[in-house]
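**Student:** Chain by chain, the residues run as shown.
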Amino acid sequence: EAEVAQSPRYKITEKSQAVAFWCDPISGHATLYWYRQILGQGPELLVQFQDESVVDDSQLPKDRFSAERLKGVDSTLKIQPAELGDSAMYLCASSPWTGGDPNTFGPGTRLTVL
Amino acid sequence: QKEVEQDPGPLSVPEGAIVSLNCTYSNSAFQYFMWYRQYSRKGPELLMYTYSSGNKEDGRFTAQVDKSSKYISLFIRDSQPSDSATYLCAMSATGNQFYFGTGTSLTVIP
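Line by line, the protein sequences give chains Z and F. One gets the working numbering by counting positions in the first sequence from 1 and adding 137 to each. One gets the working numbering by counting positions in the second sequence from 1 and adding 28 to each.
If you are wondering where the hints come from, they were derived from the structure by calculation, not from laboratory data. Built from N, CA and C at the ideal position, the CB exists for glycine as well. Accuracy of the hints is not assured; some may be wrong.
Calculated pairs, BS3-like style, for lysine-lysine (alpha carbon to alpha carbon, straight line, at most 30 Å) [to be verified]: (1) Lys70/F <-> Lys152/Z; (2) Lys70/F <-> Lys199/Z; (3) Lys215/Z <-> Lys30/F.
In silico negatives: residues of chain Z with every beta carbon more than 12 Å from chain F [stated by the list, open to error]: (4) Gly165; (5) Glu189; (6) Gln196; (7) Gly222.
Generate coordinates for the entire structure from the input sequences, incorporating the hints supplied.
**Tutor:** Shown next, in the form of structure tokens:
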């Protein structure tokens, strides 16, 4: 069964450091999402890509967060500098297209900022 | 007001019980409805997907959508300890942006 791959699975960093997360969606999935999930809450969308283009990044804190999907396949989410409040699970998801297909999620990257 | 409201629980039931999980929403344009199950420290996995109103059944799971009341439910029959997880509802108007509930934590006691 096809899966969304994410790495690393766990990341511990100190505040003010830079961190990066990687996601490889299911092959052929044009739409890729990055979500942030704080403990005890549901996922919140950070950025959505359709192929290599950003469709929605309205909730992405652009002063410190950046995301790219250069070739329309895998994607990287970066935080620089990390803050204590960034501690959360970062989830990547993909779907075939934006016509209502449900997201398939990866295992997530759990970030702890000290 | 949040787009999607979900009681966080926790909910604890004995094995074999029928479990009812619910979400309410405010946006009448929502037409795509999903339920995800999330085990501790894992990504959510899709359980049920419904378009528009009505019921959908898959094994021990039944999803119901009542658009007139802006209310969706997930029923789990013959609950098992392996069903212990957090259940997230999610919904969308256009299929483009999905809104998630906060999740309900369920424990099924053997």
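**Student:** Give a verdict on every hint.
**Tutor:** We went through each hint and held it up to the structure:
1. Lys70/F <-> Lys152/Z: 25 Å, holds
2. Lys70/F <-> Lys199/Z: 27 Å, holds
3. Lys215/Z <-> Lys30/F: Holds, at about 28 Å.
4. Gly165: For Gly165/Z, whose nearest Cβ neighbour in chain F is about 17 Å away, the distance exceeds 12 Å, so it holds.
5. Glu189: 17 Å, holds
6. Gln196: 10 Å, violated
7. Gly222: Non-interface label stands for Gly222/Z: nearest chain F Cβ at 18 Å, farther than 12 Å.
Hint 6 from the earlier list is the only one contradicted by this structure; the remaining hints agree with it.
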